[in-house]
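Chains as they are written, first to last, in my numbering: chain U, 1 to 200; chain H, 1 to 311.
Calculated from the structure, these hints are not laboratory results. Be aware that a few hints might be false.
[To be verified] Each pair of labels, with its calculated beta carbon distance range:
| no. | chain 1 | residue 1 | chain 2 | residue 2 | range |
| --- | --- | --- | --- | --- | --- |
| 1 | H | L3 | U | L6 | 24 to 32 Å |
| 2 | H | K163 | U | E28 | 25 to 33 Å |
| 3 | U | D148 | H | L138 | 17 to 25 Å |
| 4 | U | Y7 | H | K242 | 25 to 33 Å |
| 5 | U | K184 | H | L230 | 52 to 60 Å |
| 6 | U | L14 | H | V228 | 47 to 55 Å |
| 7 | H | Y213 | U | N134 | 33 to 41 Å |
| 8 | U | G72 | H | M221 | 49 to 57 Å |
| 9 | U | K36 | H | L259 | 53 to 61 Å |
| 10 | H | R43 | U | G72 | 38 to 46 Å |
Every residue gets a Cβ at the ideal spot worked out from N, C-alpha and C, and that includes glycine.
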Amino acid sequence: MNKSYLYIFLCVLLMGIGASWVINTANESHDIPIIKKVPNFNFINQNGEFFSDNHLKGKITVLDFFFTNCPGPCPIMTYNMKSLYDDFSNSKEVQFVSITVDPKNDNIEVLKNYAKINGITDERWQLLTSDLSNIKSLKREGFMLFADELPQGHAIKFILIDDNQNIRKYFDGTDEASLTILKKDISNLVKELKRYEKGT
Amino acid sequence: MKLFRIFSYLSTCLTYFLIFVGGMVRVSGAGMGCPDWPKCFDRWIPPTDISQLPDHIDPAKFNIVLAWIEYCNRLFGALVGLTITITLILAYKYYSHIPVIKWSLTVAFILTLIEGWIGAVLVHTILNPVTITLHLILALIIVMLLLYAAQESYYIENPHAEKNSKYPLNINWAFIVLGASLFIEIIIGTEVRGGLQMLRKENPLLDSNFLLYMLGPFKYMHTILGIVILFLSIFLWVKLVKQSDSPSEVVKQSSSLILVLIFLQIVSGEILVFIKVKPIIQLFHLWFAAIIMGLISVQYSAWKKSQIANE
């Protein structure tokens, strides 16, 4: 009788090991794939300070391209970005970056004003500008997005970047459904980041 | 006859294992691993690579790991269904004159068909929480019917198994209250888990322990009913093992095993509440509950048998 209990115990143990493996594999399969690394760049923000790819390190970043005079999708994108900015106001690990595609008009003063109008009060949301050629190449080669006919031809994507400067996913910056998924993905990346920090 | 015994035990064990696999699908979030039913991504064998997806299916839905977990659940479910069918045929062949065996297996078979259909409904309703719980409840009923038939066939071959045992008479109520409590406890348990999942969806940044705190009364009901179950099973153990004349091995072992498993349930439950909501512990917490349910039914059948034998 004792022997059969031993067999049952071994079976249950094996089931436990098997199930743990399955659950782990399933969890890992939910991970968001790494698309590519963000290349080097060094732009200027609304306060006239430098902001480079180094500032992406250790943070979860949502990045988009816009311009202040944009009549079309930009106001919606900015509105959506603002709602993310508000939702994650308590997580210092999450930051937002909007790069202008109309540097001719959007100088530091204009960006600063745009920040003020949109209620950007801290460093968690950076509005960046640079030379048009730099912006174009970052957009085309760095983020693999359409970069002709700027500023009108700016993309409506929100780009999710992890703490190791890897591009993880692209989202439609104008629709609410994508935003819901984006929120969840940001949270997952933050959790991953925190787990990593705790682990080391 | 022997063949029937083998198949009735086999179908019981396999169904228990299937409940485990089903729980695994649940905790690993693989329920929608195959977006269609009964096929998986329009194929009888799920794709092993994204390039094998048919054109009309959105590749974003594809996750190879989840697809195969869900597919194994279905495949194993089909195997269990087949085993139950064979058991039913054998029951009609050998035990058609014994209604309890014949009818419990017939009902188990019909419920198995319904269970398969609910599996399809689950996929089509994208995992409606009520349907998930129903899926589990049906599985519990099926496994208990199978177990009951297996035990009855054992008593037919060993008619004197409970003859020498004399148990206290008036404990019918304890079995009923215990069984009902455990049944409700399992349903509340699935609500606790389902509620956690909903809260997590809406508050992705909060950790599980805080979510559990937000859950409030359900959690306390689960604990309170758990205490009732603990005391009733200790009561039955005392009555059946300590205060009986020569209790049978079946009764002694099942009564003791119930206590051991309830102890494990308390430990795993406390770990889930106070330390961490770990999927593997959730899985075993549910599975042990299902086994306790079966053991209570074994206990009850043995007690009942001895009452009839000693009349």
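Right, here's what the structure says about each hint:
1. H:L3 to U:L6: 24 to 32 Å: 28 Å, holds
2. H:K163 to U:E28: 25 to 33 Å: 57 Å, violated
3. U:D148 to H:L138: 17 to 25 Å: About 60 Å separates the Cβ atoms of U:D148 and H:L138, which means 17 to 25 Å is violated.
4. U:Y7 to H:K242: 25 to 33 Å: This hint holds: roughly 28 Å between Cβ atoms.
5. U:K184 to H:L230: 52 to 60 Å: Taking Cβ atoms as reference, U:K184 and H:L230 lie about 39 Å apart, which means the hint is violated.
6. U:L14 to H:V228: 47 to 55 Å: 33 Å, violated
7. H:Y213 to U:N134: 33 to 41 Å: Once the Cβ atoms are compared, 50 Å apart, the range 33 to 41 Å for U:N134 and H:Y213 is violated.
8. U:G72 to H:M221: 49 to 57 Å: About 54 Å separates the Cβ atoms of U:G72 and H:M221, which means 49 to 57 Å holds.
9. U:K36 to H:L259: 53 to 61 Å: 58 Å, holds
10. H:R43 to U:G72: 38 to 46 Å: 43 Å, holds
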